[in-house]
Amino acid sequence: MASDATTHADIVIDARGSFCPGPLMELVRHIRRASVGQVLEVRSTDAGSRRDIPAWCQKAGHTLVGIEDREGYTAILVRKER
Amino acid sequence: MSLVVFSGTVDKLMPVAILTSGAVAMGMEVEIFLTFWGLDAFRKGRPETLTRMSRDYEDLAPAMAALMREKEVPSWYTTLRAAKEIGPVTIHACAMTMDLQGLTKDDLDDIVDDVVGAAEFVDRAREGKITLFI
Numbered sequence: 001m002a003s004d005a006t007t008h009a010d011i012v013i014d015a016r017g018s019f020c021p022g023p024l025m026e027l028v029r030h031i032r033r034a035s036v037g038q039v040l041e042v043r044s045t046d047a048g049s050r051r052d053i054p055a056w057c058q059k060a061g062h063t064l065v066g067i068e069d070r071e072g073y074t075a076i077l078v079r080k081e082r
Numbered sequence: 001m002s003l004v005v006f007s008g009t010v011d012k013l014m015p016v017a018i019l020t021s022g023a024v025a026m027g028m029e030v031e032i033f034l035t036f037w038g039l040d041a042f043r044k045g046r047p048e049t050l051t052r053m054s055r056d057y058e059d060l061a062p063a064m065a066a067l068m069r070e071k072e073v074p075s076w077y078t079t080l081r082a083a084k085e086i087g088p089v090t091i092h093a094c095a096m097t098m099d100l101q102g103l104t105k106d107d108l109d110d111i112v113d114d115v116v117g118a119a120e121f122v123d124r125a126r127e128g129k130i131t132l133f134i
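Heads up: the protein sequence lines correspond to chains A and B, in order. Sequential numbering of the first sequence, starting at 1, is according to this note's numbering. Sequential numbering of the second sequence, starting at 1, is according to this note's numbering.
If you're looking for bench data, these hints aren't it; they were derived computationally from the structure. Computed from a predicted structure; not experimentally measured. A virtual CB, placed ideally from N, CA and C, is assigned to each residue, including glycine. Treat the hints with care, as some may be off.
[Claimed, not checked] Lysine-lysine pairs mimicking BS3-like chemistry, simulated, CA-CA at most 27 Å apart:
(1) B:Lys12 <-> B:Lys105
(2) B:Lys84 <-> B:Lys12
(3) B:Lys84 <-> B:Lys71
(4) B:Lys84 <-> A:Lys59
(5) A:Lys59 <-> B:Lys129
(6) B:Lys12 <-> B:Lys71
[Stated by the list, open to error] Pair ranges (Cβ atoms, derived):
(7) B:Asp99 <-> A:Asp10: 49 to 59 Å
(8) A:Gly61 <-> B:Leu100: 44 to 54 Å
(9) B:Glu85 <-> A:Arg82: 13 to 23 Å
(10) B:Asp59 <-> A:Gly17: 23 to 33 Å
(11) A:Gly17 <-> B:Arg124: 30 to 40 Å
(12) A:Gln38 <-> B:Glu85: 19 to 29 Å
(13) B:Phe36 <-> A:Arg70: 45 to 55 Å
(14) A:Val36 <-> B:Glu48: 32 to 42 Å
(15) B:Phe36 <-> A:Gly72: 36 to 46 Å
Please take these sequences and the hints and turn them into a complete structure.
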């Protein structure tokens, strides 16, 4: 985990190379320690994350800020709401 | 979600661990009942060393195992442990299998929470919406 000045995320979770449901599990772990309003960016190479993470956001009451396809990975941005 | 884990092979324990992770991520409680070969895989020292795969797929299993090593897929045991840290996962050992093999709770890996009978497990499973036999 490291802050990344080039994005507007407060917390960047680099889960590239991790398999389903690894990136989601990393997000669940990190969001507990984050503050309400912070944006977490999950970097994933696992195709399941694109569907799993939005479904989880809906269930857990957080906001899916966006899904960005970047070079070699997908960035999924989530704002902690509660 | 309740899982009856009858199988003790890596290829069946992987989905046990992954489905458990998905369930706790979604805020569900998971109850796992280990019986027969499933319980055997949780004897002390086994989870870390288990390599056995289903014979049904013996022609494909070595390639699958090699792929999992190459891509550094975490083991089913590591994944299950991580799931247990994230949410409520209770792992029960089948009393009948324990009796049959003369095992006590001390013979099992510490991820196992308790020893229960079939009736108690089924009674707990009744509360859940999903029950899978793996």
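Exercise. Provide an ascending list of the numbers of those earlier hints which the structure does not satisfy.
Key: Hint check: nothing fails, all pass.
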